[in-house]
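Undergrad: Each chain is listed here by its residues.
2 protein chains.
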Amino acid sequence: MNNGFCIWLTGLSASGKTTIAQGLLRHFENNRHIEAMDGDEIRKGLSRDLGFSKEDRNEHNHRVIFCSKLLARNGVIVVVALISPYRETRAYAKEAISNMMEVFVKAPIDVCIERDPKGLYKRALAGEIKQFTGIDDPYEEPLNADLIVETHKETPEESVNKIIERAKAMGFL
Amino acid sequence: MNNGFCIWLTGLSASGKTTIAQGLLRHFENNRHIEAMDGDEIRKGLSRDLGFSKEDRNEHNHRVIFCSKLLARNGVIVVVALISPYRETRAYAKEAISNMMEVFVKAPIDVCIERDPKGLYKRALAGEIKQFTGIDDPYEEPLNADLIVETHKETPEESVNKIIERAKAMGFL
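Line order of the protein sequences matches chains B and H.
FYI, the numbering for the first sequence is 0 to 172, going by numbering that gives the first Met the number 0.
FYI, the numbering for the second sequence is 0 to 172, going by numbering that gives the first Met the number 0.
Bound conformation, chain B alone:
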């Protein structure tokens, strides 16, 4: 039986987390069970009662961590793509999920604002969205990430390959 593990992608909105998660899914889809914890399906399934305040996002992250723990301990590769701006949340995740690598998906905030694929930064800068990470809510950069990928300097394929190599070096693959 395979051992599962968790690839935790943290970074600003539009830093490239979803693109990398999709690349990882494509890489493993034919030879490993892999699940991406990303986007609306997870919100609807676990947290349809929650909004986007700090408390609500923390609670959502708590549930995602629990779900990821169950998947990882059952042989699944779990790719979490969550802004997860607080060090405390990520430290808790690392404690709860036995095999976890923290990947900082790094891009300067002005690059993220320029990309803005969902128009969220525009709305946050106009004051229409409150407590938006990087605008009026902090992003606490990882101090000891297992890996940093810089999406303004490398292609998604390069980031995916770096993650796979690091997972091997950590004994997860």
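These aren't lab readings, by the way, just hints derived from the structure by calculation.
All of these numbers come straight from a predicted model, not from anything done at the bench.
There's no promise every hint is true.
As the list claims (entries may be wrong) - A short list of chain B residues far from chain H (calculated; beta carbon distances all over 12 Å):
#: 1; residue: 3
#: 2; residue: 33
#: 3; residue: 53
#: 4; residue: 65
#: 5; residue: 66
#: 6; residue: 70
#: 7; residue: 85
#: 8; residue: 97
#: 9; residue: 121
#: 10; residue: 134
#: 11; residue: 141
#: 12; residue: 145
#: 13; residue: 170
Said to hold, decoys possible - Pairs of lysine-lysine, DSSO-like flavour, derived with a Cα cap of 27 Å:
#: 14; chain 1: B; residue 1: 93; chain 2: B; residue 2: 167
#: 15; chain 1: H; residue 1: 43; chain 2: B; residue 2: 53
#: 16; chain 1: B; residue 1: 93; chain 2: B; residue 2: 105
#: 17; chain 1: B; residue 1: 43; chain 2: H; residue 2: 167
#: 18; chain 1: B; residue 1: 43; chain 2: B; residue 2: 129
#: 19; chain 1: H; residue 1: 167; chain 2: H; residue 2: 105
#: 20; chain 1: B; residue 1: 93; chain 2: B; residue 2: 53
#: 21; chain 1: H; residue 1: 43; chain 2: B; residue 2: 43
#: 22; chain 1: B; residue 1: 121; chain 2: B; residue 2: 53
#: 23; chain 1: B; residue 1: 93; chain 2: H; residue 2: 43
#: 24; chain 1: B; residue 1: 53; chain 2: B; residue 2: 117
#: 25; chain 1: B; residue 1: 121; chain 2: B; residue 2: 167
#: 26; chain 1: H; residue 1: 43; chain 2: H; residue 2: 53
#: 27; chain 1: H; residue 1: 152; chain 2: H; residue 2: 167
#: 28; chain 1: H; residue 1: 93; chain 2: B; residue 2: 43
Quick reminder that beta carbons are idealized off the backbone N, C-alpha and C, glycines included.
Assemble chain H onto chain B, guided by the hints.
TA: Here is chain H on its own, set in the frame of chain B:
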């Protein structure tokens, strides 16, 4: 890669769901990934915000169903042990989780009251717990369960074996 599926155990409190779940865990622990959705760990992980009203139990079940779906589609055998008293909830589970067998863990209410391992029936009958299934809240018996096990007539081993045989007949094993 193995195909996962879900064994959904529904029945009154003290009908024997946890005992059967533990028997299934022991049966598969060495050759399959298996996870039991049962008890306090699931409550703490997914629903620490919820109580035991009808609405809260429904919401808890919704989250358990989502989690079970993710596990089952990733090769895991998921054993859900939930009173799950409402037909609507179980029908939703069967729709959401592609490979699911509904097992009615059946025992007469007076047998369950007699067993009462956690003293819950005693408290419910004394009016200390409200909306307790079988006492002042209904248990809607399955009309088309994939299997019925009668825990007042058979041993836990017999129930476990019947479930495994039924899973094979349904093409899950």
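Undergrad: Quick check for students: does the CB of residue 65 (chain B) sit more than 12 Å from each CB in chain H?
TA: Its Cβ does come within 12 Å of chain H, the nearest being 3 Å, so this is violated.
Undergrad: Hey, residue 53 (chain B) versus residue 117 (chain B), does the alpha-carbon distance stay inside 27 Å?
TA: holds (21 Å)
Undergrad: If you draw a straight line from the CA of residue 121 (chain B) to the CA of residue 167 (chain B), is it 27 Å or shorter?
TA: violated (39 Å)
Undergrad: Given the hint that residue 152 (chain H) pairs with residue 167 (chain H), does the C-alpha gap stay at or below 27 Å?
TA: Status holds; Cα separation ~23 Å.
Undergrad: Holds or violated: are the alpha carbons of residue 93 (chain H) and residue 43 (chain B) at most 27 Å from each other?
TA: Cα-Cα ~18 Å, so holds.
Undergrad: Does the claim that residue 145 (chain B) lies off the interface hold, with its Cβ farther than 12 Å from every Cβ of chain H?
TA: At about 23 Å from chain H, residue 145 (chain B) clears the 12 Å cut-off, so the statement holds.
Undergrad: Would you say residue 170 (chain B) is clear of chain H, with no C-beta pair closer than or equal to 12 Å?
TA: Residue 170 (chain B) is indeed farther than 12 Å from all Cβ atoms of chain H, at 19 Å.
Undergrad: Looking at residue 121 (chain B) again, its CB stays over 12 Å from all of chain H?
TA: Label holds. Min Cβ-Cβ 32 Å, cutoff 12 Å.
Undergrad: Does the claim that residue 53 (chain B) lies off the interface hold, with its Cβ farther than 12 Å from every Cβ of chain H?
TA: Holds: least Cβ distance 15 Å, greater than 12 Å.
Undergrad: Measuring Cβ to Cβ, find out whether residue 141 (chain B) lies farther than 12 Å from everything in chain H.
TA: Holds: least Cβ distance 24 Å, greater than 12 Å.
Undergrad: Mind verifying the non-interface call on residue 85 (chain B)? Its CB should be farther than 12 Å from each CB in chain H.
TA: holds (18 Å)
Undergrad: Keeping to a limit of 27 Å between CA atoms, is the pair of residue 121 (chain B) and residue 53 (chain B) held or broken?
TA: holds (20 Å)
Checked against the numbered hints listed earlier, the structure breaks hints 1, 2, 4, 5, 6, 17, 25; every other hint is satisfied.
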